[in-house]
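As they're listed, the protein sequences go chains Y and A. For any residue, its number in this note's numbering is found by taking its place in the first sequence, counting from 1, and adding 7. For any residue, its number in this note's numbering is found by taking its place in the second sequence, counting from 1, and adding 7.
One thing to keep in mind: the hints can contain errors.
Unchecked claim - In silico negatives: residues of chain Y with every beta carbon more than 10 Å from chain A:
| no. | residue |
| --- | --- |
| 1 | Ile55 |
| 2 | Lys83 |
| 3 | Asn102 |
| 4 | Arg105 |
| 5 | Ala133 |
| 6 | Val144 |
| 7 | Asp149 |
| 8 | Gly152 |
| 9 | Gly163 |
| 10 | Glu193 |
| 11 | Asp209 |
To be verified - Result set (DMTMM-like, lysine to aspartate or glutamate): computed pairs, CA atoms no more than 20 Å apart in a straight line:
| no. | chain 1 | residue 1 | chain 2 | residue 2 |
| --- | --- | --- | --- | --- |
| 12 | Y | Lys178 | A | Glu213 |
| 13 | A | Lys148 | A | Asp135 |
| 14 | A | Lys109 | Y | Asp146 |
| 15 | A | Lys109 | Y | Glu145 |
| 16 | Y | Lys216 | A | Asp131 |
| 17 | Y | Lys216 | A | Asp135 |
| 18 | A | Lys216 | Y | Asp131 |
| 19 | A | Lys116 | A | Asp131 |
| 20 | A | Lys95 | Y | Glu124 |
| 21 | A | Lys83 | A | Glu59 |
Treat the hints as calculated values from the structure; they're not laboratory data. Computed from a prediction, not measured in an experiment: that's the story for all the values here. Each residue gets a CB set at the ideal place from its N, CA and C atoms; glycine is no exception.
Protein chains: 2
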Amino acid sequence: MEEAITDDVQLNVLQERPPMVPEAFRDSRIVFLANTAPALQMELLSQIAEPEFVAADTMNCWIEGRRDDLMKLLQKIDALVLNTGEAKLLTGDFNPVRSARKILAMGPKFVIIKKGEFGSMIADRAGDCFILPGYPVEDVKDPTGAGDSFAGGMMGYIGRNRGAVTLQMLKTAVAYGTVLASFTIEDFSLGRLSSVTKQDIDSRFEILKRVTQL
Amino acid sequence: MEEAITDDVQLNVLQERPPMVPEAFRDSRIVFLANTAPALQMELLSQIAEPEFVAADTMNCWIEGRRDDLMKLLQKIDALVLNTGEAKLLTGDFNPVRSARKILAMGPKFVIIKKGEFGSMIADRAGDCFILPGYPVEDVKDPTGAGDSFAGGMMGYIGRNRGAVTLQMLKTAVAYGTVLASFTIEDFSLGRLSSVTKQDIDSRFEILKRVTQL
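Go ahead and model the full structure; you've got the sequences and the hints to work with.
See below:
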């Protein structure tokens, strides 16, 4: 499985009132704009005083239905996180290498393409890239939340490190994202993730390194 | 694309007469049994005096139609090379980790599962594994022959090295296989592969290392 299929999208509370970032978070250094309408993502971002690194997620319905807004957002973020199908939809190109390059030309410094069980790819504007397989999970119960866990693990690692976000830092960040996602899919909801310790995470990080490094 | 679809299989000359290994090749140390009927693969193998490392490829029609022969062959080889769909068909298990383990229980010391553009995985009996993404090819013209080039590159590397074939040696071997396949798919037939130099291969090997190593 490398692509997600959308049956329905409900904006719920986000449709009624634009979200307000609480005062205590307005000095955030690292910002992740989780998947929602790009106009809302922009409005959220405008409430952060001086973000140093901004990543955003998106999905098919915004790529198709809110393309202009999304294009504006892409000018304001450092990294776009999206899956293979979304990258294809955004660029019209099914080849991940070309499609990544086309997305970088739209604004962000980095693009991170998620390939479900096949892992992920980072590409940067210098033409460099990094490809990491998925963690070899034996019992997948439910892939729901894998992408958000991936982004959470990635942003968590970035947030613990000071200094400019480089491709080298992002490599380790996506490896942590991959590990977090590997726990999420082992149970429904937060069943597995909620009991995960720092030691569990570090242990899988070491396994992921061992099984992917020559 | 991670799975192959078979429209038709023609054994051609192999159906008329069992293949004879020329005298000059009967002392081969390293043997690759390319995909054909398992009974023929076995007959070929029996003509090699003292093989040190034997790998075999197979496909859906033998898994479904010649299962008993294939099971006998699996007892006689060191490594089985097959794609995701074939592994699923052979074990009835869609999970690559479990499916690899089930194949190892059928006989071989190593199983190498090919995942098309998503790369490949090696698993061994000690429960260890290695996962390598595909080479990021920008212009794929025709995937025909990718699997054979992969096996060729892999066996070529093994053949150049003395000593027992270990997981560590196989890691580098599948990386070379991945590189060889990346050239094959850039043109039809041997269009690209025929003009490839050792330097081209080593250069892509270094790139593959750079884009996959943390």
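Okay, the hints, checked on the actual structure:
1. Ile55: holds (30 Å)
2. Lys83: Given that every Cβ of chain A is farther than 10 Å from that of Y/Lys83, nearest at about 28 Å, it holds.
3. Asn102: violated (6 Å)
4. Arg105: violated (6 Å)
5. Ala133: holds (12 Å)
6. Val144: Check fails; 7 Å does not lie beyond 10 Å.
7. Asp149: At roughly 14 Å from the nearest Cβ of chain A, Y/Asp149 sits farther out than 10 Å, so the non-interface label holds.
8. Gly152: The claim holds: Y/Gly152 sits with its nearest Cβ about 19 Å from chain A, beyond 10 Å.
9. Gly163: It holds; Y/Gly163 is separated from chain A by about 17 Å at its closest Cβ, greater than 10 Å.
10. Glu193: Non-interface label on Y/Glu193 holds, nearest chain A Cβ at 12 Å vs cutoff 10 Å.
11. Asp209: holds (14 Å)
12. Y/Lys178 to A/Glu213: holds (17 Å)
13. A/Lys148 to A/Asp135: Cα-Cα ~35 Å, so violated.
14. A/Lys109 to Y/Asp146: holds (15 Å)
15. A/Lys109 to Y/Glu145: holds (13 Å)
16. Y/Lys216 to A/Asp131: With a Cα-Cα distance of about 17 Å, the restraint between Y/Lys216 and A/Asp131 holds, given a limit of 20 Å.
17. Y/Lys216 to A/Asp135: holds (12 Å)
18. A/Lys216 to Y/Asp131: holds (17 Å)
19. A/Lys116 to A/Asp131: holds (6 Å)
20. A/Lys95 to Y/Glu124: holds (15 Å)
21. A/Lys83 to A/Glu59: Holds: A/Lys83 and A/Glu59 sit about 11 Å apart, inside 20 Å.
Of the numbered hints given earlier, the model fails hints 3, 4, 6 and 13; all others are met.
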